[in-house]
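**Q** Letter by letter, the chains look like this.
There are 4 protein chains.
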Amino acid sequence: MSEVSELPFSVRDYECDLQGVVNNSVYLNYLEHARHVFLKEQQIDFAALSKAGINLVVIRAELDYKGSLTSGDSFIVRTRFTRKSRLKFLFIQDIIREGDEKVLLSAEVTGTAVNSQGKPFMPEELANLLE
Amino acid sequence: MSEVSELPFSVRDYECDLQGVVNNSVYLNYLEHARHVFLKEQQIDFAALSKAGINLVVIRAELDYKGSLTSGDSFIVRTRFTRKSRLKFLFIQDIIREGDEKVLLSAEVTGTAVNSQGKPFMPEELANLLE
Amino acid sequence: MSEVSELPFSVRDYECDLQGVVNNSVYLNYLEHARHVFLKEQQIDFAALSKAGINLVVIRAELDYKGSLTSGDSFIVRTRFTRKSRLKFLFIQDIIREGDEKVLLSAEVTGTAVNSQGKPFMPEELANLLE
Amino acid sequence: MSEVSELPFSVRDYECDLQGVVNNSVYLNYLEHARHVFLKEQQIDFAALSKAGINLVVIRAELDYKGSLTSGDSFIVRTRFTRKSRLKFLFIQDIIREGDEKVLLSAEVTGTAVNSQGKPFMPEELANLLE
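Residue numbers (our numbering), protein chains in the order written: chain A, 343 to 473; chain B, 343 to 473; chain C, 343 to 473; chain D, 343 to 473.
Mixed in with the good hints, there may be bad ones.
Said to hold, decoys possible - Below, a list of computed lysine-lysine pairs in the DSSO-like style, where the Cα atoms sit at most 27 Å apart:
1. B/K382 x D/K393
2. D/K408 x D/K426
3. D/K426 x C/K408
4. C/K430 x D/K408
5. C/K461 x D/K444
6. C/K382 x B/K393
7. C/K426 x D/K408
8. C/K382 x A/K393
9. B/K408 x A/K393
10. A/K444 x B/K408
11. B/K408 x A/K461
12. C/K430 x C/K393
13. B/K408 x A/K382
Stated by the list, open to error - Negatives, chain D to chain B, calculated, CB over 12 Å:
14. E357
15. D359
16. G362
17. V363
18. V364
19. L391
20. L398
21. R402
22. K408
23. R420
24. R422
25. D436
26. E443
27. S448
28. T452
29. F463
Unchecked claim - Now the in silico label distances, taken between C-beta atoms and shown as ranges:
30. B/G460 x A/P350: 24 to 34 Å
31. D/V346 x A/P350: 47 to 57 Å
32. D/G409 x A/A390: 17 to 27 Å
No lab work stands behind these hints: they were computed from the structure.
For every residue, glycine included, the Cβ atom is placed at its ideal position computed from N, Cα and C.
Chain A with its partners taken away, still in its complex shape (with noise of 0.2 Å):
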């Protein structure tokens, strides 16, 4: 388990649907974010790459609800990072809410890394940092 990472957040009000609670889909948008900023702090920069060819992406997610996040919530998303396989990395990431630290969601999502002939691979970054 190379690192821990958390990443402080508040719920904007269009994020949540008509039941009042941030949608189901929107939690996939905090996890990326997360993963996104992770990587940039080991100066792995998902844009870039994508520019130069390389694309991240996601091949498989689990997530587990356990409560909602609504209007006027913070929370943190607790991101890690390992290997899963020669060519597959996995995070490992929760959310959790701010004041009674009530994890609302537990997530792994699988990713690996296409190369601009749609082949996977790891790229050399990304290998360094799981070693």
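For chain A, the structure is supplied; the task is to place chains B, C and D on it using the hints.
**A** Showing chains B, C and D alone in chain A's frame:
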């Protein structure tokens, strides 16, 4: 397995991200919309239930991303609905690209209903549907 | 005024916010999608242009919100396209609810095209369309 | 002109579209969030009002897009709040990129409040703020 339903979609350009493909979170939007249309065809109205204090909620989602949707693509979401346990129901959903019929996403989405006191229960409409 | 185009839509529940109506930002999604479909019908492909280094961009939007879309609503976006100046084009767009034909939004969206050096210009395809 | 408020943001990659820049609709999300934070600092809670049957609604938006936000950008939303007429209030908002302080968007957003009978009115909290 009670029902199979298919709903056609077209990618909208604003759903694509800087990689030029539909962002991974948007698939959850597609799946949710297909579930709500499916339920409405069965006379179960997500928004009306919510107003009445009954919230249908996702408690787990497993998503296997097998390929990317991009600008110009049309696709269908195929939705099957079944009982998972006494208080849980399961949607088995696939996103299938038009043209080559390739399955680009396979998902299992587990839900339950929560009453106005926050207690899980199985609304009669859903129970009937699941028989 | 070169063309009038109408595109049908249905509200998707995830587009509604905690007020139970479609969030004001989502109308811009609807308008953009209708513009891109309109352009594609004229053989102008927004995504293909972008890949070729030509970006169609919005430089001004005026939006009059006259009523709210909500869960269950169907509507059309009516799009008219005209020249505004040498380098600017104008989309005049209305969102009209199905059933009572009420205009819920009137919009004027001014755009231009930017080449790969970031310079505004009028692509020949658009110029022809505007004649 | 009652108040000026500034709220810092960072672009999140999922907010960028296939042109590699923040999609034009997302600016409305930023502006809304800044307005709600501003109001909350004045003890006016958008979500709580909505639950109480009082909906603050946008009735007109004028947006001048002067430049693009992209991956990696930080920016502030500057919000000023003023009275427009007896029942209408006006937010004057700018999006200013960090670093070169360039104004990328200038907006005027007109709103009103609607009570549970759908009638426009001016809630006392807002009237006090606008004095």
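**Q** With reference to the structure, classify each hint as holding or not holding.
**A** Checked hints:
Annotation: proposed proximity of B/K382 to D/K393 holds, straight-line Cα distance about 26 Å (limit 27 Å). The straight-line distance between the Cα atoms of D/K408 and D/K426 is roughly 25 Å, inside the 27 Å bound, and the hint therefore holds. Among the hinted pairs, D/K426 with C/K408 is consistent with the structure: their alpha-carbon atoms are about 17 Å apart, no more than 27 Å. For the hint linking C/K430 to D/K408, the alpha-carbon distance of about 14 Å falls within 27 Å, and the restraint holds.
Proposed proximity of C/K461 and D/K444 is supported: the alpha carbons are some 18 Å apart, at most 27 Å. In summary, the hint linking C/K382 to B/K393 is not supported, as the alpha carbons are separated by about 39 Å, beyond the 27 Å threshold. A distance of roughly 17 Å separates the Cα atoms of C/K426 and D/K408; the hinted pair therefore holds under the 27 Å criterion. For the proposed pair C/K382 and A/K393, the alpha carbon gap of about 26 Å is at most 27 Å, so the pair holds.
Simply put, B/K408 and A/K393 have alpha-carbon atoms about 22 Å apart, close enough for the 27 Å limit, and the pair holds. Proximity of A/K444 to B/K408 is assessed by CA-CA distance (about 33 Å); at most 27 Å being required, the pair is judged violated. Taking the CA atoms of B/K408 and A/K461, the gap is near 13 Å; set against the 27 Å cutoff, the hint holds. Only pairs whose Cα atoms come within 27 Å are accepted, and C/K430 paired with C/K393 is accepted, the gap being roughly 21 Å.
Of the supplied pair hints, the one linking B/K408 and A/K382 holds, its CA atoms being roughly 26 Å apart against a limit of 27 Å. Against the 12 Å criterion, D/E357 falls within the reach of chain B, whose nearest CB is about 8 Å from its own CB. Listed as outside the interface, D/D359 is inconsistent with that label: its C-beta sits roughly 6 Å from the nearest C-beta of chain B, within the 12 Å cut-off. For D/G362, the shortest C-beta to C-beta distance to chain B comes to about 5 Å, within the 12 Å cut-off, and the non-interface label is violated.
Its beta-carbon lying about 8 Å from the closest one in chain B, D/V363 breaks the requirement of being farther than 12 Å from that chain. Against chain B, the non-interface label of D/V364 is violated: not every CB pair exceeds 12 Å, the least being about 10 Å. Listed as outside the interface, D/L391 is consistent with that label: its C-beta sits roughly 18 Å from the nearest C-beta of chain B, beyond the 12 Å cut-off. No beta-carbon of chain B comes within 12 Å of the beta-carbon of D/L398; the shortest separation is about 20 Å.
Against chain B, the non-interface label of D/R402 holds: every CB pair exceeds 12 Å, the least being about 22 Å. With a cut of 12 Å on Cβ distances, D/K408 stays outside the contact zone with chain B, its closest approach being about 20 Å. Against chain B, the non-interface label of D/R420 holds: every CB pair exceeds 12 Å, the least being about 26 Å. With a cut of 12 Å on Cβ distances, D/R422 stays outside the contact zone with chain B, its closest approach being about 29 Å.
Distance check for D/D436 against chain B: the nearest CB is about 23 Å away, which clears 12 Å, and the non-interface claim stands. Every CB of chain B is more than 12 Å from the CB of D/E443 (nearest about 25 Å), matching its label as outside the interface. Residue placement check: D/S448 keeps its beta carbon more than 12 Å from all beta carbons of chain B (closest about 22 Å). Every Cβ of chain B is farther than 12 Å from the Cβ of D/T452; the closest lies at roughly 25 Å, confirming the non-interface assignment.
Against chain B, the non-interface label of D/F463 holds: every CB pair exceeds 12 Å, the least being about 23 Å. Taken as a hint, the range 24 to 34 Å holds for the pair B/G460 and A/P350, whose Cβ atoms sit roughly 26 Å apart. Roughly 25 Å separates the CB atoms of D/V346 and A/P350, a value that falls outside the hinted 47 to 57 Å. Distance hint check: the CB atoms of D/G409 and A/A390 are about 20 Å apart, consistent with the given range 17 to 27 Å.
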